[in-house]
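We have chain A; now place chain B onto it with these hints.
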Amino acid sequence: MRNDYRARNHPAWWAFLLHRLSGLALSVFLPFHFWAIGQALQGEARLDSLLRWTEQPLVKFAEIMLVLLLAAHLTGGLRLLALEFLPWRDWQKGLLAWAVGAALTAGLAFALAL
Amino acid sequence: MEGGTVSSTGQGFAAEPVAVSNLSAKAEVWLWIAQRASAALLALCVLVHLVTIIYAVRHGLSGAAILERTRGNAAGLAFYVVYVLAIAVHAPIGLRTLCQEWLAWRSASLNWFVAAVAVALFVFGLRAAWAVFA
Numbered sequence: 030m031r032n033d034y035r036a037r038n039h040p041a042w043w044a045f046l047l048h049r050l051s052g053l054a055l056s057v058f059l060p061f062h063f064w065a066i067g068q069a070l071q072g073e074a075r076l077d078s079l080l081r082w083t084e085q086p087l088v089k090f091a092e093i094m095l096v097l098l099l100a101a102h103l104t105g106g107l108r109l110l111a112l113e114f115l116p117w118r119d120w121q122k123g124l125l126a127w128a129v130g131a132a133l134t135a136g137l138a139f140a141l142a143l
Numbered sequence: 016m017e018g019g020t021v022s023s024t025g026q027g028f029a030a031e032p033v034a035v036s037n038l039s040a041k042a043e044v045w046l047w048i049a050q051r052a053s054a055a056l057l058a059l060c061v062l063v064h065l066v067t068i069i070y071a072v073r074h075g076l077s078g079a080a081i082l083e084r085t086r087g088n089a090a091g092l093a094f095y096v097v098y099v100l101a102i103a104v105h106a107p108i109g110l111r112t113l114c115q116e117w118l119a120w121r122s123a124s125l126n127w128f129v130a131a132v133a134v135a136l137f138v139f140g141l142r143a144a145w146a147v148f149a
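Which chain is which? The protein sequence lines are A and B, in order. Its first residue numbered 30, the first sequence is counted upward by one per residue in the numbering used here. Its first residue numbered 16, the second sequence is counted upward by one per residue in the numbering used here.
Same shape as in the complex, but just chain A (with noise of 0.2 Å):
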């Protein structure tokens, strides 16, 4: 039996890949969000050349990609989590759902508030 495409294109299995990849993408970018913050330490203007530099499109674009990555691996990792402690029930197949629902809401928020 070979594992190929037949037992990935699934609702589950990219569900499995969001998650896995919003990851990784939050664990690469959490050094620089820390190197960001810390500039506070050097003082409030060296803060705002730094959100300055945020101002530019490119920026505000991968801000938005990070808040929903932020988001879909909450909801995914809560859907995780309820699959694996809650007893089953059929309302569980609903979670992914409901996950990418929540996600979405709170990326709009973020980007809508910018």
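Hints are computed from structural coordinates only; laboratory data are not their basis. One or more hints might be untrue.
[To be verified] From the structure, some residues in chain B lie toward chain A, with a derived Cβ separation under 7 Å:
id, residue
1, 54
2, 73
3, 76
4, 110
Predicted, not measured: the structure shown is a model, and the values here were computed from it. Yeah, the Cβ is synthetic: ideal placement off N, Cα and C, and Gly gets one too.
Frame of chain A, contents of chain B only:
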């Protein structure tokens, strides 16, 4: 029991099991528990963080505006210390699984690598929290 093993074919018993980890089964179970416990904590932290981000963006995103809200905020500092600690536990364990499954990196060096990632995330995360809240 030393080392986790899995059938090399994925079908029942294998003649030559392939080691999937260089840690004891007990250690793997502890990592699994730590991953889930930190995930539950992070669920709360990330929710608060997302709300904070959206609030901050709506209420002025200048260095002065941010630091005015954060400086001397002991509760904020305590929250982010817990958040950073949970991240330093959660992210390296996730990266470890990814390295094992996608890169086939299963030697002892992987454990040293993820331990270093955990320490670095913790130290630099604390430094960032200190920078805005202290």
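Verification of the hints:
1. Taken as an interface hint, residue 54/B checks out: its beta carbon lies about 5 Å from the nearest beta carbon of chain A, inside 7 Å.
2. A cut of 7 Å between beta carbons decides the hint on residue 73/B: the least distance to chain A is about 5 Å, and the hint holds.
3. Here the hint on residue 76/B is kept, as its CB sits about 6 Å from the closest CB of chain A, short of 7 Å.
4. Interface restraint check for residue 110/B: the shortest CB-CB distance to chain A comes to about 6 Å, inside 7 Å, so the restraint holds.
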